[in-house]
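**Student:** Next come the chains, spelled out residue by residue.
2 protein chains.
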Amino acid sequence: MGKSEYGALADAMARTAENLETVLDRMIPTDQAAERDLMDAMRYATLDGGKRIRPFLVVQSASLFGVAENAAYRAGAAVELIHCYSLVHDDLPAMDDDALRRGKPTVHKHFDEATAILAGDALLTQAFEVLASDATHSNPSVRCELVTELAKASGAHGMVGGQMIDLKAEKVDLDESDIGAITRLQRLKTGRLIDFSAQAGAILGRAPSSARDALRGYTHDLGLAFQIADDLLDVEGDAATVGKATKKDAERGKATFVSILGAEKARDQANRLADQASAHLKLFGDKADLLRDLARFVVTRSH
Amino acid sequence: MGKSEYGALADAMARTAENLETVLDRMIPTDQAAERDLMDAMRYATLDGGKRIRPFLVVQSASLFGVAENAAYRAGAAVELIHCYSLVHDDLPAMDDDALRRGKPTVHKHFDEATAILAGDALLTQAFEVLASDATHSNPSVRCELVTELAKASGAHGMVGGQMIDLKAEKVDLDESDIGAITRLQRLKTGRLIDFSAQAGAILGRAPSSARDALRGYTHDLGLAFQIADDLLDVEGDAATVGKATKKDAERGKATFVSILGAEKARDQANRLADQASAHLKLFGDKADLLRDLARFVVTRSH
Chain X
434 MGKSEYGALA DAMARTAENL ETVLDRMIPT DQAAERDLMD AMRYATLDGG KRIRPFLVVQ
494 SASLFGVAEN AAYRAGAAVE LIHCYSLVHD DLPAMDDDAL RRGKPTVHKH FDEATAILAG
554 DALLTQAFEV LASDATHSNP SVRCELVTEL AKASGAHGMV GGQMIDLKAE KVDLDESDIG
614 AITRLQRLKT GRLIDFSAQA GAILGRAPSS ARDALRGYTH DLGLAFQIAD DLLDVEGDAA
674 TVGKATKKDA ERGKATFVSI LGAEKARDQA NRLADQASAH LKLFGDKADL LRDLARFVVT
734 RSH
Chain G
434 MGKSEYGALA DAMARTAENL ETVLDRMIPT DQAAERDLMD AMRYATLDGG KRIRPFLVVQ
494 SASLFGVAEN AAYRAGAAVE LIHCYSLVHD DLPAMDDDAL RRGKPTVHKH FDEATAILAG
554 DALLTQAFEV LASDATHSNP SVRCELVTEL AKASGAHGMV GGQMIDLKAE KVDLDESDIG
614 AITRLQRLKT GRLIDFSAQA GAILGRAPSS ARDALRGYTH DLGLAFQIAD DLLDVEGDAA
674 TVGKATKKDA ERGKATFVSI LGAEKARDQA NRLADQASAH LKLFGDKADL LRDLARFVVT
734 RSH
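Residue numbers (our numbering), protein chains in the order written: chain X, 434 to 736; chain G, 434 to 736.
Looking at chain X on its own, in the form it has when it is part of the complex (with noise of 0.2 Å):
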C-alpha cells in the first residue's frame, strides 16, 4: 500500500489488523495436552497473517451506527476464523493442492493433512460459537442474526458452494458467453463472505435497510473488483510479492475474469466496479470514506 497515497487507510487497515491479532491471540485456545498440535496448527492458520480485510469491513461498518469496538472485533474475528478455516480446507492436496500461503508453508505442510481438515473444522465450529456468546452483543436477537446470515453467507449456498464450483470449472471451458458463470461462481466464493462482513456491523447497530441495501450495493461492487484484481495478480504478479503461487490459473487451464476479458478489459472493469461501489455509499458523507479508500485500494494493490 503506498503510504502517500492511502495514508488514512493504511493507518486504520495497519490499526485493525493488529487489534484483530489481540483478538484472535486471546480467542483461539493454545496448547492442551494431547491436542497441542490441533491448537497450534489453529493458531498457525489465523495469527499473524493477511490484510484483514474483511474485519476491516466490520470494523468500518460498525463504526458508521456507533457499535462498540470490542463488538465489532469479535464479529469481525468470527468472520476472519471463517475465512482462515477456508484456506486451510482449499490448500489441501485434494483441493488446490498449495504449498505456500501467505509466504510460509501451508498448514498441511507445516503439520499434516490430518491436522489441517481437523484444524479447519475447529476453527469453522468456533465462529458460531464466537457470534453466540452474549461478549458480542447483550441482545440475543442480534447474535441469532449474525449466525444465520454468517452460516447463509459460508455454507452451501455461499462460500462452500462457491469453491464447488470453482472445482468443478477447472474442468470445462468457458468463454466469454460464461462471464455470468464466473460471475455467480466468485460472488458465491468470495463476495458473500465479504458481504457478511459490512453486514455484520449493520447488524450489530441494527441499522436501517436503507443503510443495509446500501452497503450491499457496496459489498457487491467491491467483491467482484477484488475478484478481478486478484485474477490480475495471479497473472501478472510473483510469488515472492503477492505470498503465493502464481499463474496457478492458467496452468490448470482455469476460466478466469482475465483470460475472458484479457488483462485490459479486466482492469477497467475492475475500475469501474470501485468508483460504482463507492458511489453506493453517499448517504453516509465522509463517515464511509475509508471504505471508499478500500474500494481503490483492492484494484490497485500489489498484493
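Quick caveat, the hints were computed from the structure, so don't treat them as lab data. All figures in this text were calculated on a predicted structure; none of them were measured in a lab. Where hints are given, some of them may not hold.
Since the list gives no way to pick out one identical chain from another, each pair is judged satisfied if it fits inside one copy or across any two copies.
List time: in silico DSS-like cross-link candidates among lysine-lysine, alpha-carbon distance up to 30 Å [to be verified]:
1. Lys715 <-> Lys601
2. Lys542 <-> Lys720
3. Lys601 <-> Lys537
4. Lys484 <-> Lys681
5. Lys585 <-> Lys698
6. Lys720 <-> Lys681
7. Lys687 <-> Lys601
Model the placement of chain G on the given structure of chain X, informed by the hints.
**Tutor:** Below, chain G alone, put in the same frame as chain X:
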C-alpha cells in the same frame, strides 16, 4: 434390536428415525446447477443412514419437558448434521481412510475427496443455521444457548479435539494405566455430542438445573458404555452386520477399552455403566423409561 426385549424402544427409535429422515430430507438442499455434486454428497452423507441415536436422545429429552416435537426434531437434525459431517471427514484417506460406512461406500469413495471435504464443511455450517433459525424456538436466548453448547461440544475442546487425540493415540502405546487418557479421548470424541443431544431437549424446555444435571450424569455414563460397546463390536463383529470395516483398531495397534481391559472386563464395565446411566434418571419417573431402555440397548446391540 430384538423386537421382544426392546419392543417399545424399537418402535420409538424407528419412529424417530423415520421422522428425522423427513426433516433432514426437507432441510438439506437439492441439486442446483453447478454445485449439484455438493448437494448430492450432503444428502448421501446424511439420508437413509444410522440409528439416529443422537436425535433420539434430543426427542426423548425434549419430551420430558413438553417441548414441541417440531423443535426437538430440528435440534435433533442439527446434531445429526454434525455427527454426519464428522463421519465424512473422519473417513477421509488422510484420517481413518475408510471405504465402507453404514454398508455403503464412504462419501469420498462415491464422489471424490474434494467433494467430501466440502460436503462436510457445508453440513457443519448448516447445523448452526438450523439452530439459529426462529423455526427452532421462538426465544432467541434459547437458540443462542443451543448454538453455543453445540459449538463447544463439537469443536476443539470437544469432538474435533477428541478426534485429534485419537489420531495421535494410534502412534503411541497405551497400557492399563492410561485408561484415564482413553476415557478422556472418548469423552471428547463421542461423549460431548451425546451429552449435548440430551441437553438440547432440556435447553428447549428451559428445564431446571436439577434436571439438566441428571441428564448430564446419564449421558456421561451412556456415552462411555456406547463407546466400549463399539470397541467390542470392532473386535467381535463382522463387517456385514456392523456395516463398516471391523478389526481396525487391532490392525492399527490402537489402544481401546477392550485392548486394555480385555473383552470380558470391558463388557462388565459397559453393563455397569448402563445401569449407572439409568440410575441418574430417577427424578423423571417412568417418563424416562425409553431412555433407560436405550442405555440397556447400547450395550447389547449387534450393529
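**Student:** Could you place lysine 484 and lysine 681 in one of the four classes (within, between, both, neither) given a Cα distance threshold of 30 Å?
**Tutor:** within (21 Å within a copy, 45 Å between copies)
**Student:** If the cutoff is 30 Å on CA atoms, where do lysine 601 and lysine 537 land: within, between, both or neither? Let me know, please.
**Tutor:** both (27 Å within a copy, 25 Å between copies)
**Student:** Treating 30 Å as the Cα threshold, decide for lysine 585 and lysine 698: within, between, both or neither.
**Tutor:** Neither. Shortest intra-copy (32 Å) and inter-copy (48 Å) distances fail the 30 Å Cα cut-off.
**Student:** Have a look at lysine 720 and lysine 681 and pick one of within, between, both or neither, based on CA distance no larger than 30 Å.
**Tutor:** neither (39 Å within a copy, 62 Å between copies)
**Student:** Quick one: lysine 687 to lysine 601, C-alpha cut-off 30 Å, is that within a copy, between copies, both, or neither?
**Tutor:** within (10 Å within a copy, 38 Å between copies)
**Student:** Between copies, within a copy, both or neither: which fits lysine 715 and lysine 601 at Cα up to 30 Å?
**Tutor:** neither (39 Å within a copy, 55 Å between copies)
**Student:** One pair to classify: lysine 542 and lysine 720, alpha carbons no more than 30 Å apart. Within, between, both, or neither?
**Tutor:** The answer is neither: 43 Å in one copy and 53 Å across copies each exceed 30 Å.
Of the hints listed earlier, those the structure fails to meet are numbers 1, 2, 5 and 6, in rising order.
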